[in-house]
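J.: Work out the full structure, taking the sequences as your base and the hints as a guide.
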Amino acid sequence: MYMIKFVTILLALIVPIGNNLFAQDFENKEIKDFLVSTGEMRDGDKCSYYAYELLKLDALNDSDSCGIYRIGVYASHSYTYLLLLDKKTKTFLNCHTDLYQTLKSVYSFFEKSSCCFSDSEKLSYIKELMDIYHRNNIVIPW
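Going by the working numbering, the letters in the sequence shown line up with residues 929 to 1070, in that order.
Everything labelled a hint here was simulated from the structure, so no lab data went into it.
Be careful, since some hints might not be right.
Okay, derived cross-link-like pairs now, DSS-like style, lysine-lysine, Cα gap no bigger than 30 Å in a straight line [as the list claims (entries may be wrong)]:
#1 LYS1040 to LYS1055
#2 LYS1018 to LYS960
#3 LYS984 to LYS1015
#4 LYS960 to LYS1040
Ranges between beta-carbon positions, derived for each pair [what the hints assert, rightly or not]:
#5 GLY972 to CYS1044: 37 to 47 Å
#6 ASP971 to SER1046: 36 to 46 Å
#7 LEU985 to TYR1035: 21 to 31 Å
Note that the structure is predicted; figures quoted are calculated from it, not measured.
For every residue, glycine included, the Cβ atom is placed at its ideal position computed from N, Cα and C.
T.: See below:
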């Protein structure tokens, strides 16, 4: 009897934690539409997806207005994409086909963005971008 109560209480405590860690209730229609357009997920999927700041690894919030974010779905054979977020614009980048175009877009973002990035931050972003490009090129999509 005590064991059943213990297990019930334990499950009541663990389930919400698991939902927060693994099935983040992140909802952004533009990001979801982009991931659907790339084929990473289907329109009706309940698949979880993510958007994290590239250097700080903070999750994207509705109040965020500037930064570079890695986006994708939680799956082992999926690509990682980039979101360049400025106050008025959102640019989605495919980081596995054309490295030149991706770098060109990021450099342009640095120049035109209302965000102020130090040279050190710019180099760190480029390094992260190169790591994403490398990982994307060894992914074998379904």
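J.: Each hint should be assessed against the structure and marked as holding or not.
T.: Now for the hints, and whether the structure bears them out:
1. Between the alpha carbons of LYS1040 and LYS1055 the distance comes to roughly 20 Å, so the proposed pair stays at or under 30 Å and holds.
2. Among the hinted pairs, LYS1018 with LYS960 is consistent with the structure: their alpha-carbon atoms are about 13 Å apart, no more than 30 Å.
3. Restraint check for LYS984 and LYS1015: the C-alpha separation of about 19 Å stays at or below 30 Å, so the hint holds.
4. A threshold of 30 Å between alpha carbons decides the hint, and for LYS960 with LYS1040 the separation of about 26 Å falls inside it, so the pair holds.
5. At roughly 41 Å, the beta carbons of GLY972 and CYS1044 sit within the given window of 37 to 47 Å.
6. A hinted range of 36 to 46 Å holds for the C-beta pair ASP971 and SER1046, which are about 40 Å apart.
7. In this structure the hint that LEU985 and TYR1035 lie 21 to 31 Å apart at CB holds, the actual value being about 23 Å.
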